[in-house]
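Visitor: Input sequences plus hints: build the corresponding full structure.
2 protein chains.
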Amino acid sequence: MQGKAENHFDYTLMAPGPVNLHPKVREILAHPMIHHRTPEFDKILAQALKRLKIVFQTEQPVYALSSTGSGGMEVLLVNTLSPGDSILVVNSGKFGERWAEMARTFGVQVDELKITWGQAVTPEHIAEKLKTKTYHAVLTQACETSTGVLHPIQKLGAVIKNYQHTLFLVDGITALGAVPLPMDEWSIDGLVGGSQKAFMLPTGMSFVSFSKKAHARFEHAKIPKFYFDIRKEIAANAKGETFFSSNVSLIKALNYVLAEIESAGLAPLFKTIQRRADFVAYLMETLGLSSYAAVKSASLTAVALPNSTDGQKLRELMEVDFNLTVMGGQDQAKGKIIRIGHMGYIQDKDQMHLATALYHSLQKLNMTPSISFIDFQTQMKNWLAQN
Amino acid sequence: MQGKAENHFDYTLMAPGPVNLHPKVREILAHPMIHHRTPEFDKILAQALKRLKIVFQTEQPVYALSSTGSGGMEVLLVNTLSPGDSILVVNSGKFGERWAEMARTFGVQVDELKITWGQAVTPEHIAEKLKTKTYHAVLTQACETSTGVLHPIQKLGAVIKNYQHTLFLVDGITALGAVPLPMDEWSIDGLVGGSQKAFMLPTGMSFVSFSKKAHARFEHAKIPKFYFDIRKEIAANAKGETFFSSNVSLIKALNYVLAEIESAGLAPLFKTIQRRADFVAYLMETLGLSSYAAVKSASLTAVALPNSTDGQKLRELMEVDFNLTVMGGQDQAKGKIIRIGHMGYIQDKDQMHLATALYHSLQKLNMTPSISFIDFQTQMKNWLAQN
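These protein sequences, in sequence, are chains A and B.
Position one of the first sequence corresponds to residue 1 (my numbering), numbered consecutively onward.
Position one of the second sequence corresponds to residue 1 (my numbering), numbered consecutively onward.
Everything labelled a hint here was simulated from the structure, so no lab data went into it.
Since we're looking at a predicted model, the values are computed, not measured.
Some hints here could point you the wrong way.
Unchecked claim - Subject to a maximum C-alpha distance of 25 Å in a straight line, what follows is the list of computed DMTMM-like cross-link-like pairs (lysine to aspartate or glutamate):
id : chain 1 : residue 1 : chain 2 : residue 2
1  : A       : Lys334    : B       : Asp42
2  : B       : Lys296    : B       : Asp321
3  : A       : Lys232    : B       : Asp42
4  : B       : Lys334    : A       : Asp42
5  : A       : Lys129    : A       : Glu185
6  : A       : Lys222    : B       : Glu97
7  : A       : Lys222    : B       : Asp111
8  : B       : Lys43     : A       : Asp10
9  : A       : Lys364    : A       : Asp10
10 : A       : Lys94     : B       : Asp42
11 : B       : Lys94     : A       : Asp10
12 : B       : Lys222    : A       : Asp42
Claimed, not checked - If you want a taste of the chain B side facing chain A, the calculated C-beta under 7 Å gives, among others:
id : residue
13 : Gly71
14 : Ala235
15 : Ser249
As the list claims (entries may be wrong) - Covered stretches of chain B (chain A as the covering partner; in silico rule of three or more C-beta atoms under 8 Å from a C-beta of chain A):
id : region
16 : 28-34
17 : 54-68
18 : 97-106
19 : 159-165
20 : 219-228
Heads up, the beta-carbon is just placed ideally off N, CA and C, and yes, glycines get one too.
Guide: Structure representation (structure tokens):
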């Protein structure tokens, strides 16, 4: 679809979101529309909302909203904070930056903990900050999509939970369902996921949940809000409805994905995604490439490129010659990395296609790998057969 | 799908949104996902945004956002108003009420022009109000979904345009694409549509446009906003992107629907929808039923029921016995009306099914029509053949 006439490959999507859809999801999206005020949909909504708790690993309710992930980030923020409140935002890339900007827009005082791109925040960073000032909340990404870094959420939660006035709000958009992120056990007070990531759905929904500690804030949070006022959704969910028109198609498909997760458990899903990350790690090692992220998330790999290799060109070559979409870098990482997603419906043949595309595209950019293509391919095949 | 084992009918959706999907839309929704940062999607987005202008009948840009229609209503409001501003809201039903509540949430001073449910506002109503006070905006529905009323938007626009400090913001969610609503010609300053209505798509997107008069307000509008800040979307659209992750599936399907409209023109679409409304008018007349709305919108018909007939029961019977979803009344109209949608993919066989379902369900509720079923059916068939 993407490529020019020269290539004859089916389109392969290997971005950190949106991801390739599960075939059954595609089938469900093609179903005739049903109304959201019908017994059939009532049942689907109730099941989906209950099953979302499995992925969030929480006893608290999870809400399903019509917005992108960023809308869900706003939901966490505007329902727990007031203008003038002070928060600490871990800014380790594009999405940390976004959360800081968003909070400032609503009159919240933001202290940014700036982390070098590619690095992870440490619990010590946070502990130090919390000693100096009372923060109403600490905000971080679990996985920063722009760098592929996985932050130590469990350890951060263990620090923050000791501060009774401080909430721990986590953007789990590129992490939920891909890596363990047990909300209750890790003392996360607000957690957001996005449909187009490990949920294997199209873009269009965000999923959010709040701890009891966060819930107690709702009545005091003075940022004005209507569409993102979670109290409206809570009241509607209590009646078995969504407050606004239900996103029927996505909720039906979501319920299918969650039913699969319910029946198999989260562990196999994490394992599948980790295996894809491990394969790409092996692929990088074989080609003499390294990780951009100091601590890698299983959800995506940010591949650091030598200075002589233009990441934008590499990405374009892979798209034009191999009909394969991976992402490039953003802002300060532009041209320096490519980002390969491990979520969604990806098969071993797609992984082999990625390996082939990367090998030949690097070669075309005069960064010829030291291993011959035939040996390379054999090694990759063997890895997939043995792991 | 909906019904119990006793009925053997395919599901028929005849609500005022969501609507039955076009078969081609369903096919597109089942396509494999493509990334939103690809040349293929760039082209689709550019086409869709341009084609949206055809439905809005405007020279101004139209923006496509990931939210329900209510999110789009919020976009119109928060981008043009500041806390303390005064507005006049036409409250003629559920959605007028919602807009008033939304505006108050953001600190806007709201004067409500309360219209009896089922009645339309008049230009005189508005003219009178505008003489007494300077309003920053007048807000109204084009069609109030809860009552089926069509308000005289053209005439209201002609009054409001004389006030240089007053914007005319119109909720066209249940009207755009179903009835004429030429934004520029009728001096509408902000207009919002929703994907699950005449656009024949699933719920999940809102479409908004602003006049130049409204655009000039953006820099002065002080209501805090991030997700719904239209300036972000304007900047992103200028680069051929959406600011947040693109709703790829819906935008692809939208582009198909709009291409059809572009090639056939808006007139045949309006005519098709009007014919469905006319059929239901004839059906009501034949069964001795009348319209709840004093001025009917072609997008839906609100059928007034005799006091002895419980609208909730009627709706349920049609669903259980005929696997057909129409909507009941809300709030003060609960039990007193049923609402039949005329948008989306509806064929004559669906209209016949509606007629049959209504006849038999009324009979079951002891409101036996004076005409025999066989004569009734013949008349309905003849109408469809002749119109």
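Visitor: All hints, please: hold or fail.
Guide: Evaluated hints:
no., hint, verdict
1, A:Lys334 with B:Asp42, "20 Å, holds"
2, B:Lys296 with B:Asp321, "28 Å, violated"
3, A:Lys232 with B:Asp42, "36 Å, violated"
4, B:Lys334 with A:Asp42, "20 Å, holds"
5, A:Lys129 with A:Glu185, "23 Å, holds"
6, A:Lys222 with B:Glu97, "22 Å, holds"
7, A:Lys222 with B:Asp111, "23 Å, holds"
8, B:Lys43 with A:Asp10, "19 Å, holds"
9, A:Lys364 with A:Asp10, "21 Å, holds"
10, A:Lys94 with B:Asp42, "22 Å, holds"
11, B:Lys94 with A:Asp10, "48 Å, violated"
12, B:Lys222 with A:Asp42, "39 Å, violated"
13, Gly71, "5 Å, holds"
14, Ala235, "14 Å, violated"
15, Ser249, "4 Å, holds"
16, 28-34, "holds (count 6)"
17, 54-68, "holds (count 3)"
18, 97-106, "holds (count 4)"
19, 159-165, "violated (count 0)"
20, 219-228, "holds (count 6)"
Checked against the numbered hints above, the structure violates hints 2, 3, 11, 12, 14, 19; every other hint is satisfied.
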